[in-house]
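Once you've looked at the hints, dock chain B against the given chain A.
Here is how the chains run, residue by residue.
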Amino acid sequence: MATDTYVMGIFNTEDQAVTAVGALKTSSWPLRRIHSPIPSHKLADAAGIKKSMAGWYTLCGGIIGFFSGFALAIFTALRWELIVSGKPVVALIPFVIVGFEFTVLFAIFGNLIGFLHQSKLPRQANLEHYDPRCSGEHFGVLAACAEDQREDLSELFRQNGGDVRVFGKNA
Amino acid sequence: MEKRSPYRLPFAALIVVGSAAFVYGVLKPDPARAWQAYLINFLLWSAIAQGGLLFSAIMTTTRAKWSGPLSGLSEAFAGFFPVSIVLFLILFLGASHVFPWLHSHDLHGKEVWLNLPFLFTRDLVGLLILYGFGFVYLYYSLLLKVEPADFGGPFRFVFNRLHGHRQQDQERIKKRKGLFSILYMLAFAFVLSLIGYDLVMSMDPHWISTLFGAYTFVKAIYVGLGGLIILAAVMHLNPNNGFHLEDAHFHDVGKLFFAFCLVWADFFYVQLVVIWYGNIPEETVYIIERTMMVPWRYLAWAIFAVCFVIPFFVLLNKKVKTMPKFMIVFCSCIITGMWFEHFLLLAPAMGHSMHHNLPLGINDVLISLGFLGLMLLALNSFLRQFPELARTEKREVS
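First to last, the protein sequences are chains A and B.
Per our numbering: the first sequence = residues 485 to 655.
Per our numbering: the second sequence = residues 7 to 404.
These aren't lab readings, by the way, just hints derived from the structure by calculation.
Treat each hint with caution, since some may be false.
Said to hold, decoys possible - Below, in silico cross-link-like pairs of lysine-lysine (BS3-like), each with a Cα-Cα straight-line distance of 25 Å or less: (1) 180/B - 535/A; (2) 526/A - 116/B; (3) 116/B - 71/B; (4) 116/B - 331/B; (5) 331/B - 151/B; (6) 526/A - 261/B; (7) 509/A - 534/A; (8) 261/B - 181/B; (9) 71/B - 526/A; (10) 534/A - 325/B; (11) 535/A - 604/A; (12) 535/A - 509/A; (13) 180/B - 71/B; (14) 535/A - 261/B; (15) 151/B - 180/B; (16) 526/A - 604/A; (17) 261/B - 534/A; (18) 325/B - 535/A; (19) 325/B - 526/A; (20) 535/A - 324/B; (21) 151/B - 534/A.
The shape of chain A in the complex, shown without the other chains:
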């Protein structure tokens, strides 16, 4: 089936968008994209989106940071091997503080990198098939269909209380 026409349903409420996504899932039309003004578990569940991998980036960042912090503290202490008040030069107990701070810092870096990578940001080109209302308070659900089915797909969105915008070759 050729899917060269894109139809977007634009909804006022989360529940409308959720039922529209649910209806799309049972139809044969592929769901292309969802825009939401809020982070919505309901929408993610309805669309069957898997849990983001960003958490693993955070964990890796944290682990790398933990060891980097200790490594930095040990390295700098060894560059100036001066015994202060009878303490060992490489003193692991106070280095925990450096290790901890680096854990937090690198975990945040990991999280940021994970977020950018997982959401494919930054993006040079503007999104295709986009309605500016999705940058406001509306929910946008984009699906694809064949040229001759655009009315059927539009009807599905309208039934769920949405406004429809068609992006097609001739639209």
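Structure of chain B alone, referenced to chain A:
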């Protein structure tokens, strides 16, 4: 009157076994060991009860709604408060075994603080204030969700009597409830600090750590949350009581538990690092004895692993927090770890480290089981008197 709980008998059996073990221990040539086990268990189980009710107080103060039925369930821990007071009174029968400083002749001016009448009075008053605020808070909390009924034991009887004379002004009750939740939280911090200084830190009268009080109450929140998760999971798994929790509830309370695992480790560490930097012999000896000397050092590292390192990595995972059976086992391990943590703090100071083996025996296990029985019986009896606390349908959250 409803029929008696089927669990009553096994719980009572645990208590009988524990009491018998304790009496045997006291009559044996080494009563100090039995009293030590008694003190450890008194501190641990009281902390679970105090920390359990604290959860509800925190939810009230922060006006949190995410906790749902967990908040009501945590109030059942107040059923242990009267038991805790009685246990505290009994503790002083063994004062000469419990407080090593009674036999010390060089307290260097600390006699003003460390003398039996003053210590007993201030701790008893402290506990009474804490439990008093707890019960008043509980009373207002129950007023919002419980109607008088003609069944139940002593708690319900008192509640019914008080309830009869009240005007039902919801807003006023909510305000009072909010006020007493804050008072309970303040009393929690002050009284548990006092208990920590008096019943744990003073065992080694020459050692001080300013943060020990805060460490004690943070530990109580940690074990209290652990106890709450176990209770909630057990109630959730039993199909007959109508108590049900969503995965999200387990996940959220698991996150809080995880957070307090970190806070506990943090309070341990900030004490350690200050002592390490200061390097004063009378402070470091306490740590050196427990983390570097046989037989304590292995225990110390095991506790650190069981109560912090393993929970840290396991609780990072979202899935395990929503598995009630797993959490029952896991939280039980952490609470057992905390039992040993109390043991590690108290036993070396109480002079039982003469040998190269840990001073542990079957008697310690049996006495602990007795206390477990007391806690279970208290919870069971309280929840039977106030079945509304373990109800899951939607009700007004205040």
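Going through the hints against the structure:
Of the supplied pair hints, the one linking residue 180/B and residue 535/A is violated, its CA atoms being roughly 40 Å apart against a limit of 25 Å. Distance check on the hinted pair: residue 526/A and residue 116/B sit about 62 Å apart at the alpha-carbon level, beyond 25 Å; violated. Between residue 116/B and residue 71/B, the direct Cα distance comes to roughly 47 Å. Violation of the 25 Å bound is thereby established for this hinted pair. Annotation: proposed proximity of residue 116/B to residue 331/B is violated, straight-line Cα distance about 48 Å (limit 25 Å).
With a C-alpha separation of about 29 Å, the suggested pairing of residue 331/B with residue 151/B is violated against the 25 Å cut-off. Annotation: proposed proximity of residue 526/A to residue 261/B holds, straight-line Cα distance about 21 Å (limit 25 Å). For the hint pairing residue 509/A with residue 534/A, the CA-to-CA distance comes to about 15 Å; that is within 25 Å, so the pair holds. Between residue 261/B and residue 181/B the CA atoms are separated by roughly 29 Å; this puts the pair beyond 25 Å, and the hint is violated.
Straight-line distance between C-alpha atoms of residue 71/B and residue 526/A comes to about 19 Å, which keeps the hinted pair within the 25 Å bound. As the CA atoms of residue 534/A and residue 325/B are separated by approximately 14 Å, the hinted pair is consistent with the 25 Å bound. A threshold of 25 Å between alpha carbons decides the hint, and for residue 535/A with residue 604/A the separation of about 16 Å falls inside it, so the pair holds. A threshold of 25 Å between alpha carbons decides the hint, and for residue 535/A with residue 509/A the separation of about 18 Å falls inside it, so the pair holds.
With a C-alpha separation of about 15 Å, the suggested pairing of residue 180/B with residue 71/B holds against the 25 Å cut-off. At most 25 Å may separate the alpha-carbon atoms for a hinted pair to count; residue 535/A and residue 261/B meet this at roughly 18 Å. Simply put, residue 151/B and residue 180/B have alpha-carbon atoms about 11 Å apart, close enough for the 25 Å limit, and the pair holds. Distance restraint check for residue 526/A and residue 604/A: the Cα-Cα separation of roughly 23 Å lies within the 25 Å cut-off, and the hinted pair is therefore satisfied.
For the given pair, residue 261/B sits about 21 Å from residue 534/A by alpha-carbon distance, which is consistent with the 25 Å threshold. For the proposed pair residue 325/B and residue 535/A, the alpha carbon gap of about 12 Å is at most 25 Å, so the pair holds. Taken as a hint, the residue 325/B and residue 526/A pair is honoured in the structure, with Cα atoms around 19 Å apart against an allowance of 25 Å. A threshold of 25 Å between alpha carbons decides the hint, and for residue 535/A with residue 324/B the separation of about 11 Å falls inside it, so the pair holds.
Taking the CA atoms of residue 151/B and residue 534/A, the gap is near 40 Å; set against the 25 Å cutoff, the hint is violated.
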